[in-house]
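Protein chains: 4
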Amino acid sequence: MMGDDSSIVQAARVSYGKGTKTVSEDRNLIRYLMRHRHTSPFEMVEYKFHIKLPIFVARQWIRHRTANVNEYSGRYSVMPDEFYLPSPEGVRKQSRTNKQGRSDEPINIETANEFIEDLQKTQNLLYEKYNWYLSNEIARELARINLPLSTYTEWYWKIDLHNLFHFLELRLHSTAQFEIREYAKIIAQIVKETCPIAYEAFEDYRLNAITFSSLEQKILKNMIQYKLPTYEEMLEMGLTKREIEEFFEKISLINNH
Amino acid sequence: MMGDDSSIVQAARVSYGKGTKTVSEDRNLIRYLMRHRHTSPFEMVEYKFHIKLPIFVARQWIRHRTANVNEYSGRYSVMPDEFYLPSPEGVRKQSRTNKQGRSDEPINIETANEFIEDLQKTQNLLYEKYNWYLSNEIARELARINLPLSTYTEWYWKIDLHNLFHFLELRLHSTAQFEIREYAKIIAQIVKETCPIAYEAFEDYRLNAITFSSLEQKILKNMIQYKLPTYEEMLEMGLTKREIEEFFEKISLINNH
Amino acid sequence: MMGDDSSIVQAARVSYGKGTKTVSEDRNLIRYLMRHRHTSPFEMVEYKFHIKLPIFVARQWIRHRTANVNEYSGRYSVMPDEFYLPSPEGVRKQSRTNKQGRSDEPINIETANEFIEDLQKTQNLLYEKYNWYLSNEIARELARINLPLSTYTEWYWKIDLHNLFHFLELRLHSTAQFEIREYAKIIAQIVKETCPIAYEAFEDYRLNAITFSSLEQKILKNMIQYKLPTYEEMLEMGLTKREIEEFFEKISLINNH
Amino acid sequence: MMGDDSSIVQAARVSYGKGTKTVSEDRNLIRYLMRHRHTSPFEMVEYKFHIKLPIFVARQWIRHRTANVNEYSGRYSVMPDEFYLPSPEGVRKQSRTNKQGRSDEPINIETANEFIEDLQKTQNLLYEKYNWYLSNEIARELARINLPLSTYTEWYWKIDLHNLFHFLELRLHSTAQFEIREYAKIIAQIVKETCPIAYEAFEDYRLNAITFSSLEQKILKNMIQYKLPTYEEMLEMGLTKREIEEFFEKISLINNH
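Chains as they are written, first to last, in the working numbering: chain S, 150 to 406; chain U, 150 to 406; chain V, 150 to 406; chain H, 150 to 406.
Bound conformation, chain S alone (with noise of 0.2 Å):
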């Protein structure tokens, strides 16, 4: 990786000017420019990830664009005896609320054994075919055709910290799909770790948010007391000034919807 928390006030220094330099306030700024979608500073830390992952997470993950991918390539070389299975808890049924998913409810257990143990014999069958095509010097690119979806691939991938963040904020997601969800938790961790200040902003301004539309103000309204704490409360709960000042604003707001 390139840069860290640091390059993120450097760079924002650049353009919002200078001032002192305490580590409280480079944190400050930090969580300033996370709040306000200030998002270029963040785009000052790169990171590079050699990846290990199926063919449909894959096809997930490649509709990032913003990041450079350099693949694993099944015209240059034979593909590798390589498959995913899921876990028996991963068999899930068709979620009924969420079109796109699997439902939290668990398949009785003798299906999802069978799914799995057809799974794995149907990827060995592939593969055999395969190399029995190549053995019949038929060309790679052709020859592949048939290998499945779960199939795995490899690939470098280099993205900034901002368009990172977009990914993650997507693939930590509920609605995303387990498998790609796997990955985007270890990224995650990762992040959290070379860039603790940046990750725990996204944390609490993005990932954490609750976003209420135009429509939903006008229900809070009415359902707003107020049993407000104090300013000193609130300075110790963690928010800073500005953050209070924000607060006030948005139940400002929210009352003269």
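Heads up, a few of these hints could be off.
One copy or any two copies: either way a pair holds, since identical chains are not told apart in the list.
Simulated pairs of lysine-lysine, DSS-like, Cα-Cα distance not exceeding 30 Å [what the hints assert, rightly or not]:
id, residue 1, residue 2
1, LYS201, LYS278
2, LYS399, LYS370
3, LYS390, LYS370
4, LYS390, LYS270
5, LYS367, LYS242
6, LYS270, LYS197
7, LYS399, LYS242
8, LYS334, LYS201
9, LYS367, LYS270
10, LYS278, LYS367
11, LYS201, LYS341
12, LYS270, LYS242
13, LYS248, LYS390
14, LYS399, LYS248
15, LYS248, LYS197
16, LYS334, LYS242
Calculated from the structure, these hints are not laboratory results.
Here the structure of chain S is known, so what remains is to put chains U, V and H in place on it, guided by the hints.
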């Protein structure tokens, strides 16, 4: 422009399945896409604008990278004798709260007029000098370097609707510079007329939405009373069944915070 | 689509000045832009295609990042029972010279037919299994993971002409996989019919151009004899005055190497 | 910066297979990638620069969209009193042949000096006025609008090597404005020192390459005599076996034109 509300629906239906296609379903689909940040269908609409704008505005505008631009060139052509001047009411003091902008506080009218007069006088002087440099056969690319940032340029600017919404979100914002906001307002009006459903969704779910951070939700939690409207009242307010469910999920997320 | 040859001219004239506007001048301007890689005016034309294609082709295609895509989703919808099969003449041996491609050498017809038959039998088997998984209520996103790369998907694909030319340059090339080349040919035909001047310039200055490296120019230097056509002959061949000048510059660069 | 020549090789090998890895093979691989426009491995190297530059140069620079930028903001901070002035030898007449640039023809020394003096005097005047506006409490974002295009700004600029080569190809070119070319030269020197093999390949196959159009090849065809060096002589000149084959293909393409 290319496409309209129906192109967004068409693109979404290729991903999310066909189903019936009444007008109200189209509207719900577009609103669902906007609410859940399924942004790619909005990329299927494309706008092209021919814009005349001062260089200091062009410098902010060009930061939106996902767009196509062809600008008037001061190397090929003589810059025209056109410069931006603010109106007297537009001349404001530096904001105390917003480091980057002007305040709502008007400056006294004499200073404002004096400022505008001096800007104009200076612009005339600079253009005279420019002409004098050119008449001395100095290359256009050099003769122009002392022209002011208030000089007008022009360009063709082409962008898809998703990226245009991002432009509008930033440039309609109260912290954007007044001069670029005026352009954003006109573009917003054009989008409103040509993609009315998408624009309305943009207003409801992005432009006028309010986002609460993790910490703010802790405060909100204690402020929320169960003075909820009934399900029927919510439907009457314009929320769909799906939105009502989503609203309850948000409230319960806050309550469990 | 949005725009055509005239939009390229319109965009270029905003940069390079107005001048007279005869048809032949428009043609010369477009050819000049192409020759000198002034690419931005070509971005002012936008195409949108609705394409059905096998997943292994989609995976190559999606690598062109500067485009907008909405693809059929195997998470939302059941994948249809459609798979790609090569024609018997399309089944070729692995190329010896081109590591990534198939050779011109045909494989014997029995092997080819046997291969195609086996592909088809396997595709049927895999689709049966897919149906069986679905009927066991396994989530669509999991049931599909053993579908083969030859499964058809579909998408809307939107791209500007400059990036489309880049796509065509790579995908019309003899080293591109046969299957994507067939798509590229059809798209090329559409561009040729809708932006004929730009397409002709693309063919002359990019698709059929030959580039000599520094070292190669050293060899070429000694191979060039001054059997030059006359100026008039060159005009007759279709070169403009400007191109003739540029040709002499290239020859003199080689001679002075 | 992140990465170097070896990162390009590493990324390419994930696509094109492992093989042996001697230094000469790495060089050949990088040159092969450059020659055949396999651009993605070059994206795996990332550079970040801190640059001070006049606004008229910044306006050309920013047109390279695939890069990350954080610029000094005249809304947040007072612009410093620093302006670009050309050297007397840099002051040139408008070019007659190149509509966009300055000619090689020097202007007489008196005019040049008078021009520079007047630029400087004007810059001082404009900065005085700027200060006067600020002291009248006029908002920074407005006070600056008559500052000249020669005002210095600064930014962090981050870009991958593939896009940097594209920047260098355009900005090292003789038709680029002198002032941006000077920056390009320094950046080229930095790239040469840090990715020497990639830079050499860029020079040989792109910067110093010559491209012949379809029509030009018709002329060249009759000018080419078979005074070919022997295979051994070509090897000695530095061409690899592969390049010699490619050279013969090009010559035969021209002969069959």
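Verification of the supplied hints:
1. LYS201 <-> LYS278: So LYS201 and LYS278 pass the 30 Å test inside a copy (23 Å) and across (26 Å) alike.
2. LYS399 <-> LYS370: both (11 Å within a copy, 15 Å between copies)
3. LYS390 <-> LYS370: Answer is both; intra-copy 24 Å and inter-copy 20 Å each pass.
4. LYS390 <-> LYS270: Result: close neither inside a copy nor across copies, 62 Å intra and 44 Å inter.
5. LYS367 <-> LYS242: neither (37 Å within a copy, 35 Å between copies)
6. LYS270 <-> LYS197: neither (35 Å within a copy, 41 Å between copies)
7. LYS399 <-> LYS242: The answer is between: 25 Å across copies meets 30 Å, while 41 Å in one copy does not.
8. LYS334 <-> LYS201: Close inside one copy (15 Å), not across copies (34 Å); limit 30 Å.
9. LYS367 <-> LYS270: neither (56 Å within a copy, 51 Å between copies)
10. LYS278 <-> LYS367: Neither. Shortest intra-copy (62 Å) and inter-copy (49 Å) distances fail the 30 Å Cα cut-off.
11. LYS201 <-> LYS341: Only inside one copy: LYS201 and LYS341 sit 21 Å apart there, 33 Å across copies, limit 30 Å.
12. LYS270 <-> LYS242: The answer is both: 21 Å in one copy and 28 Å across copies each meet 30 Å.
13. LYS248 <-> LYS390: The answer is between: 16 Å across copies meets 30 Å, while 43 Å in one copy does not.
14. LYS399 <-> LYS248: between (34 Å within a copy, 20 Å between copies)
15. LYS248 <-> LYS197: between (33 Å within a copy, 27 Å between copies)
16. LYS334 <-> LYS242: within (23 Å within a copy, 43 Å between copies)
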